[in-house]
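2 protein chains.
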Amino acid sequence: MNTLILGAGLVGSVMAMDLVADRGCKVTIVDASIENLARASRRAGGKVKTMRADLSDHAYLGKIVEPFDVVLGALPSRLGFAALRTMIEAKKPYCDISFMAEEALDLDAFARKRGVAAVVDCGVAPGLSNLLSGVAAMELKPCMRLDIMVGGLPVERRLPYEYKAGFSPSDVIEEYTRPARLVENGREVVKTALSEVEAVDLPGVGTLEAFNTDGLRSLIRTLKVPTMRERTMRYPGHADLMRAFRHTGLFDETPIAVKTADGGTAMVRPLDLTSRLLFPKWSYTEGEEDLTVMRIEAEGMLKKKSVLLRWDLLDRYDRKTGATSMGRTTAFPCTIVARLLAKGKIRQRGVLPPEKLVAEKGLVEHMMSELTKRGVTIRAERIELA
Amino acid sequence: MNTLILGAGLVGSVMAMDLVADRGCKVTIVDASIENLARASRRAGGKVKTMRADLSDHAYLGKIVEPFDVVLGALPSRLGFAALRTMIEAKKPYCDISFMAEEALDLDAFARKRGVAAVVDCGVAPGLSNLLSGVAAMELKPCMRLDIMVGGLPVERRLPYEYKAGFSPSDVIEEYTRPARLVENGREVVKTALSEVEAVDLPGVGTLEAFNTDGLRSLIRTLKVPTMRERTMRYPGHADLMRAFRHTGLFDETPIAVKTADGGTAMVRPLDLTSRLLFPKWSYTEGEEDLTVMRIEAEGMLKKKSVLLRWDLLDRYDRKTGATSMGRTTAFPCTIVARLLAKGKIRQRGVLPPEKLVAEKGLVEHMMSELTKRGVTIRAERIELA
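Protein chains in written order, with the numbering used here: chain A, 6 to 391; chain B, 6 to 391.
Wrong hints could be hidden among the right ones.
[What the hints assert, rightly or not] To be clear about the criterion: a stretch of chain B counts as covered by chain A if any three or more of its residues have a C-beta under 8 Å from a C-beta of chain A, and this derived list gives those stretches:
| id | segment |
| --- | --- |
| 1 | 99 to 112 |
| 2 | 259 to 272 |
[To be verified] Pair by pair, the computed Cβ-Cβ distance ranges are:
| id | chain 1 | residue 1 | chain 2 | residue 2 | range |
| --- | --- | --- | --- | --- | --- |
| 3 | B | T232 | A | S173 | 25 to 35 Å |
| 4 | A | E193 | B | D176 | 39 to 49 Å |
| 5 | A | N190 | B | T290 | 35 to 45 Å |
[To be verified] Below, a sample of chain A positions facing chain B; criterion: calculated Cβ distance under 8 Å:
| id | residue |
| --- | --- |
| 6 | V160 |
| 7 | E161 |
| 8 | P165 |
| 9 | V188 |
| 10 | G191 |
| 11 | V194 |
| 12 | A249 |
| 13 | L255 |
| 14 | K264 |
| 15 | T265 |
| 16 | R274 |
| 17 | L278 |
| 18 | K286 |
| 19 | S288 |
| 20 | T290 |
| 21 | G380 |
It is worth saying that the hints were derived from the structure and are not from the lab. Even for Gly, the Cβ is constructed at its ideal location relative to N, Cα and C.
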């Protein structure tokens, strides 16, 4: 098996580490940053081929993919959509975690026409959350409510934020500002991000807070469940602080006139200054431990009984490999699906968010057992409701 | 009596209103802003003479003060020290609330030499707080502990700040950043502003929080009390939020490079951007009600008994006149003392912070009764300690 990974960041490097463990799996990783490539190579025990290239150069990417059986996308969100289109054009099986802002399903018809399977949003959430939502929608007849809660958090809680960003901090702030689309009474409704803050007790973690964010993505279009929402989880208090920042205008993207040090005036987007100040404080230091927590709840009818299905994931930083939990839980679903793509074990064609993969026979069980092998366990519960 | 008020802002306009109520008291008010002068004139029922002038033009101020019996200073803090020196040079009795950053007592010798009485920091806190601290230090033998707590707050509490600024918002932020000098074990110690946040229950207000700010000012030099601190009070939660802003670097005065809207880069002081965003949100709207709360506690020996002296002030916005509580409680101590100065009833010469005024016979009683006439009541308690 010959694999190509686009992006050697926190997630791409863990993908490389995971793939080189397979006997006979050749891994090439491409990135613009020499530092990123060096770290990825180090993590993969030197068993990975590195290529330095500009990941926004689609023509180049389209050219180099030819020899590979499958391509994995671990790109910054702003590069995700273009890379997806390039892979479809190149008729290359593709599995991606890039969290693009664009609507990936808009390329579905194009991908079907090209006969390509491109799995998108294939990380933890979106990713495993979609797959398990798909399971719930399939098992429950009908599924009446779907609730996804997810968070990546530092183990060491330090005020005032009690938070660090396991991925791009600017994507985190976008989560705090972009209106959250959810489904109520069968209709799409829009709520303010960071709204409806609620305390949630989770085994092994304690009390967190959950609030609305715009994370349902493809599920709004693919599942017919009358009540659906996705929420982000943080240590309690974080949402209030971020709401105060937002209320003050610190996340605004409209430029305002500000005095400059030389006595002049400049038009500055408040978000740019806030990011400059906040991002260093939100960065994990080398070896700093994180955890990932996800809970999915689905309510509906199963064999004429009203039941609640619940899945709990709690994953921690890997001290042995230095892989962050956010890297692990995001990379593994993608590498597991990529292997299936390379081996031709995904039958559907088109742009496939993970909830579509429940139609692939044995895939869910395979995913669970492969995750367990990697130390990522998901506890499933079935509770009969009164 | 012929009086001159420097500054027609929130406080100056209330001073004018108060002085014109005296039969035979002529009042002139000077300011650079026509709007400020118009409001002051309106509040004083048109009975005030207005002059438009640049308050930083000391030569001009020195010239115009000649005909006046007393001058009242209600200037922005940055203009306070220069105005004080100008009044001393002009040998003019002066009473000031300008909250200058400079050390007013540095001009004490000069003022004595010129034979002038210049009362400084003569508002509510500093001001009444100094006077009552002086009372405590005089009555208790010895006075072992002095605790001043003060806050100006909006009546309507609105998240996230539950705060509006009754005076210059930049002076408020300076309170949150300037290290707090206090006295412990007879020594001056420095603590971080916004530190040691403690809940305090106050009659008529409920629970507030009190935290260290740099408000002792002259008391550190004038009183020999081994434990002294000044704290600012806010509705609970405000300090944590301001600490988070400060921790993020939003109050920093060191310029950092920020992207500009036109694709360039500018060096910007984070504080300048934060102020631009925060100040409109912290401004009282016309008619918005505020309150002022102050508690002073002093512990020591009185007639061989260990006692606690406590003074509580709670003042509210005046719906009849539209005068803010912060304006009222700051202006009245100054107008009351200014009248005494004009009538030659202050015997001491030099730069006089209010704690020095306890040596003037009958002054404290006069102050209390005059404040009561204006609806500002201070409740005094004497509690015997076990």
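Results of checking the hints against the structure:
Beta-carbon proximity to chain A at under 8 Å applies to 0 residues in the segment 99 to 112 of chain B; the threshold of 3 is not reached and the given coverage is violated. Requiring three or more residues with a Cβ within less than 8 Å of a Cβ of chain A, the coverage given for the segment 259 to 272 of chain B holds, as 11 such residues are present. Look at T232(B) against S173(A): about 50 Å separates their beta carbons, and that is not inside 25 to 35 Å. Checked against the hint of 39 to 49 Å, the pair E193(A) and D176(B) passes, with Cβ atoms roughly 48 Å apart.
In this structure the supplied range 35 to 45 Å holds for N190(A) paired with T290(B), their Cβ-Cβ distance being about 39 Å. Given the 8 Å rule on beta carbons, the hint for V160(A) is violated: about 20 Å separates it from the nearest Cβ of chain B. This hint is violated: E161(A) has a C-beta 16 Å from the nearest C-beta of chain B, more than the 8 Å allowed. A least Cβ separation of about 4 Å between P165(A) and chain B falls short of the 8 Å threshold, and the interface hint therefore holds.
The closest approach between the C-beta of V188(A) and any C-beta of chain B is roughly 29 Å, which is over the 8 Å cut-off, so the hint fails. Checking G191(A) against chain B: minimum C-beta separation of about 33 Å lies over 8 Å; hint violated. The beta carbon of V194(A) is not positioned within 8 Å of any beta carbon in chain B (closest approach about 24 Å), and the interface hint is therefore violated. Annotation: A249(A) was flagged as interfacial toward chain B, and the flag holds, the nearest CB pair being 4 Å apart, inside 8 Å.
Using the Cβ-Cβ criterion of 8 Å, the hint placing L255(A) at the interface with chain B is satisfied: the shortest such distance is roughly 7 Å. Annotation: interface hint on K264(A) holds; nearest CB of chain B at approximately 5 Å, less than 8 Å. Satisfaction of the interface hint for T265(A) is found here, the shortest Cβ-Cβ separation to chain B being roughly 5 Å, below the 8 Å cut-off. Interface hint at R274(A): satisfied, since its Cβ lies 6 Å from the closest Cβ of chain B, which is below the 8 Å cut-off.
This hint holds: L278(A) has a C-beta 5 Å from the nearest C-beta of chain B, less than the 8 Å allowed. Hint status for K286(A) relative to chain B: holds, with the closest Cβ pair at about 7 Å, below 8 Å. Below 8 Å, beta-carbon pairs count as interface contacts, and S288(A) has none with chain B, the closest being about 14 Å; its hint is therefore violated. Given the 8 Å rule on beta carbons, the hint for T290(A) is violated: about 17 Å separates it from the nearest Cβ of chain B.
Using the Cβ-Cβ criterion of 8 Å, the hint placing G380(A) at the interface with chain B is not satisfied: the shortest such distance is roughly 35 Å.
Hint compliance for this structure: hints 1, 3, 6, 7, 9, 10, 11, 19, 20, 21 are not met, and every other hint is.
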